[in-house]
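**Student:** Chains A and B, in that order, are what the protein sequence lines are.
Under the working numbering, the first sequence has 112 at position 112, and the numbering climbs by one with no breaks.
Going from the second sequence to the working numbering is simple: count from 1 and add 1000.
Just so you know, the hints here were simulated from the structure itself, not pulled from any lab data.
Values in this document were obtained by computation on a predicted structure and should not be read as measured data.
Built from N, CA and C at the ideal position, the CB exists for glycine as well.
Don't take each hint at face value.
Label-pair restraints from in silico Cβ distances [as the list claims (entries may be wrong)]:
| # | chain 1 | residue 1 | chain 2 | residue 2 | range |
| --- | --- | --- | --- | --- | --- |
| 1 | B | L1026 | A | Q22 | 54 to 62 angstroms |
| 2 | B | F1131 | A | Y27 | 56 to 64 angstroms |
| 3 | B | K1015 | A | G228 | 45 to 53 angstroms |
| 4 | A | Q179 | B | F1131 | 24 to 32 angstroms |
| 5 | A | K124 | B | V1201 | 44 to 52 angstroms |
| 6 | B | P1217 | A | S80 | 55 to 63 angstroms |
| 7 | A | T286 | B | D1275 | 53 to 61 angstroms |
| 8 | B | F1022 | A | N37 | 49 to 57 angstroms |
| 9 | A | L103 | B | E1222 | 44 to 52 angstroms |
| 10 | A | P299 | B | V1201 | 53 to 61 angstroms |
| 11 | A | G120 | B | V1027 | 37 to 45 angstroms |
Here are the computed lysine-lysine pairs in the BS3-like style, where the Cα-Cα straight-line distance is at most 27 angstroms [what the hints assert, rightly or not]:
| # | chain 1 | residue 1 | chain 2 | residue 2 |
| --- | --- | --- | --- | --- |
| 12 | A | K182 | A | K246 |
| 13 | B | K1273 | A | K34 |
| 14 | A | K274 | A | K259 |
| 15 | B | K1274 | A | K68 |
| 16 | A | K34 | A | K274 |
| 17 | B | K1015 | A | K29 |
| 18 | A | K259 | A | K196 |
| 19 | B | K1016 | A | K144 |
| 20 | A | K98 | B | K1016 |
| 21 | A | K274 | A | K246 |
| 22 | B | K1274 | A | K82 |
| 23 | A | K151 | B | K1015 |
| 24 | B | K1273 | A | K98 |
| 25 | A | K285 | A | K259 |
| 26 | A | K239 | A | K267 |
| 27 | B | K1225 | A | K98 |
| 28 | B | K1274 | A | K98 |
| 29 | B | K1273 | A | K68 |
| 30 | A | K82 | A | K34 |
| 31 | B | K1273 | A | K29 |
| 32 | A | K246 | A | K267 |
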Amino acid sequence: MAGEYYQANQFDMNESVLQTRQLGKQYGKRWAVKNLNLEVQRGDVFGFLGPNGAGKSTTIRMILSLVKPTTGETELFGYSLKSRRSDALRHVGGIVEKPDFYLYLSAYKNLEIIGALAGGIERKRILEVLDLVGLTSRGADRVKTYSHGMKQRLGIAQALLSDPELVILDEPTNGLDPQGMKEVRDLIVHLSRDRKKTVILSSHLLNEIELVANRMVIINNGELVVQGEVSKLLDEGEKYVVIDAKPQMEVESILLRQKNIIGYVVKDGLFEVKMDFAGIPELNKTLVGAGVRVQALIPKRSLEDLFLSMTEHSNEVRV
Amino acid sequence: MIRLIYYELVKIFLKKRTYLGFGIVLVIVPLVEVAMKLEGGRFLTMAMRGLSKDFLFFGNIFNGWFVAHQIMNSLWIHIPLLISFVAGDQLAGEATAGTYRLILIRPVSRTRIFISKYITTLIYTVVFVFFLAALSIGLALTLLGSGDLIILTRNIFLIPESEVAWHFIVAYLLAALTMITIASLSFFFSSFVENAIGPIVATMGLLIVCTVITVMPVEMFEIPKKFLFTRYLDIWQKLFLDPIPWNEIKIGMLYMASWTVAAVLGAWAVFVKKDILS
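Hey, can you work out the whole structure from these sequences and the hints?
**Tutor:** Pasting the structure below:
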């Protein structure tokens, strides 16, 4: 899907809308973000991936001028955030972490206030964005009566209010149910494909990025790990299939006879088989046909492993 | 800028806590004035017991102006607290609610946002002080009528009925200016923290410490107390002296202005450089 989606967005791809150079933020002795060089081009759905605490939100806060960087600089649409802040932020909208609003005011009034900070927004536009996120009927209600999902959608509405060219969404699916997550993903695709927006989507879920982004970066411990096109990054790494099947002798004899298998190892009773994913259905058919009990057949990619290992490390309890 | 100020006013005046101060004044002032009317001037008679042997008083001395002046004297201790409820919430409230993340990512400079918030704080302060003025004077005159204003201090002053109104207007103007200093200090503390209670406590703490230093008859405090804002907090009272010590008032207001400017510049320096982590 990522590859297909990428093909659909080949417009003005060479124009850079966001560039960070050696961007870094230090709190005390700890570097939350270090020497980060990012480049987002017009039309990208740019996945910003990293485990919790990797420095994604700090980076987004620096890009949106909420946090002053310790080192480096950010350029948005060719304007330096340091010297031309207003020009740089004129075409940018965003959500940073959870969506917070003036709870005692209506959604409409909240958007009116935000619009005033963007130079004034017409009533028609406010109604348009409320409609886009499906909140038209609740627009007059106080935000304190909203569910988390509704606040999240209102967060997206405020990000789109001034019709920005670049939309930065920091973990926009956090706390949403699967249906809500799908709606947000659909909205991101709609923004990019139909409205020609450039989107930066931060997430700690590789799968989420894979579904919507054409380019991505992975950061960990505040440092860049890998950056590039999603389809290429996923293709470049080693691919293998994990097979949980018995009896082991029978499985091995079948694997040795298969032509499309490059090699395999057995780890903890599981087979890790290097092969082209296109051959999975045929291999499954052969195994089942030979009377092998196949419990699981899981395609794996090294990028996924890399990300999983980072996530595991980030979840370790440090004593 | 006008648009920004308008929406800051919307934010303030649609918030319930804004009306806490108004509500308290709306309860206390009528309560005190009705009680004074029911007492029928016993308070004034007691206060003037010694004087009535030597002077003859004609006309309505226990009138609306007298009561309004008493209200102004007695309530003035509590007004800074009520002002700081709102002024202290101006910046810290955004941090608490997480709405800094909503407003500070817009293509408008932090300085402009700061100015609009500060002007809104000034508007609230002035409106609040003049609400107190209108309610206490208006109700007192309605209940007890007009007349000459008698001022009982170490000396006794009598301000003719025809001149009382402008004394009160200028006194309340001075009071509003002193309350702007309090609001500015609260605003300053508000720029540091991420909850609205901190600035209220800090403002009241500073007020108490400075007041203690101001009133303590200790020699080592004589020089520093000249510079403390608490020394000039009741400068409006000088409007009811005869002759009015304008020079003293001017110097007092200069000190208050210095405190105000220092607080605002300090708050601005903190606000524009602040990392938004909430």
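**Student:** Against this structure, judge whether each hint is valid.
**Tutor:** We went through each hint and held it up to the structure:
1. Taken as a hint, the range 54 to 62 angstroms holds for the pair L1026/B and Q22/A, whose Cβ atoms sit roughly 58 angstroms apart.
2. Checked against the given bound of 56 to 64 angstroms, the beta carbons of F1131/B and Y27/A, roughly 45 angstroms apart, lie outside it.
3. Against the hinted window of 45 to 53 angstroms, the Cβ-Cβ separation of K1015/B and G228/A comes to about 48 angstroms, which satisfies the hint.
4. Take Q179/A and F1131/B: their Cβ atoms lie about 50 angstroms apart, and the range 24 to 32 angstroms is violated.
5. A C-beta distance of roughly 46 angstroms is found between K124/A and V1201/B, which places it inside the suggested range of 44 to 52 angstroms.
6. Between P1217/B and S80/A the CB atoms are about 59 angstroms apart, so this pair conforms to the stated range of 55 to 63 angstroms.
7. Distance hint check: the CB atoms of T286/A and D1275/B are about 60 angstroms apart, consistent with the given range 53 to 61 angstroms.
8. A hinted range of 49 to 57 angstroms for the beta carbons of F1022/B and N37/A is consistent with their spacing of about 54 angstroms.
9. The given range of 44 to 52 angstroms is respected by L103/A and E1222/B, whose C-beta atoms sit roughly 50 angstroms from each other.
10. Remark: the range hint 53 to 61 angstroms for P299/A to V1201/B is upheld by a beta-carbon distance near 60 angstroms.
11. In this structure, G120/A and V1027/B meet the distance hint of 37 to 45 angstroms, their C-beta atoms being roughly 40 angstroms apart.
12. Pair hint K182/A plus K246/A does not hold up; C-alpha atoms about 37 angstroms apart against a cutoff of 27 angstroms.
13. Of the pairs offered as hints, the one joining K1273/B and K34/A holds, with about 20 angstroms between alpha carbons and a cut-off of 27 angstroms not exceeded.
14. With a CA separation close to 12 angstroms, the supplied pair K274/A and K259/A stays within the 27 angstroms bound.
15. Restraint check: the Cα-Cα separation between K1274/B and K68/A comes to about 8 angstroms, which is no more than 27 angstroms; the hinted pair holds.
16. Taken as a hint, the K34/A and K274/A pair is broken in the structure, with Cα atoms around 36 angstroms apart against an allowance of 27 angstroms.
17. Between K1015/B and K29/A, the direct Cα distance comes to roughly 41 angstroms. Violation of the 27 angstroms bound is thereby established for this hinted pair.
18. For the suggested pair K259/A and K196/A, the alpha carbons sit about 45 angstroms apart, so the restraint of at most 27 angstroms is broken.
19. Distance restraint check for K1016/B and K144/A: the Cα-Cα separation of roughly 14 angstroms lies within the 27 angstroms cut-off, and the hinted pair is therefore satisfied.
20. Between K98/A and K1016/B, the direct Cα distance comes to roughly 24 angstroms. Compliance with the 27 angstroms bound is thereby established for this hinted pair.
21. Taking the CA atoms of K274/A and K246/A, the gap is near 19 angstroms; set against the 27 angstroms cutoff, the hint holds.
22. Note on K1274/B and K82/A: the hinted pairing holds, with a Cα-Cα distance of about 15 angstroms set against a maximum of 27 angstroms.
23. For the given pair, K151/A sits about 20 angstroms from K1015/B by alpha-carbon distance, which is consistent with the 27 angstroms threshold.
24. This hinted pair checks out: K1273/B and K98/A have alpha carbons roughly 23 angstroms apart, not beyond 27 angstroms.
25. Distance hint between K285/A and K259/A is fulfilled; the C-alpha atoms sit about 14 angstroms from each other, no more than 27 angstroms.
26. Of the supplied pair hints, the one linking K239/A and K267/A holds, its CA atoms being roughly 16 angstroms apart against a limit of 27 angstroms.
27. The hinted pair formed by K1225/B and K98/A fails the criterion: a straight-line CA distance of about 48 angstroms is larger than 27 angstroms.
28. For the hint linking K1274/B to K98/A, the alpha-carbon distance of about 20 angstroms falls within 27 angstroms, and the restraint holds.
29. Between K1273/B and K68/A the CA atoms are separated by roughly 8 angstroms; this keeps the pair inside 27 angstroms, and the hint holds.
30. At most 27 angstroms may separate the alpha-carbon atoms for a hinted pair to count; K82/A and K34/A meet this at roughly 18 angstroms.
31. Pair hint K1273/B plus K29/A holds up; C-alpha atoms about 20 angstroms apart against a cutoff of 27 angstroms.
32. A distance of roughly 14 angstroms separates the Cα atoms of K246/A and K267/A; the hinted pair therefore holds under the 27 angstroms criterion.
The structure is inconsistent with the numbered hints 2, 4, 12, 16, 17, 18, 27, although it conforms to all the rest.
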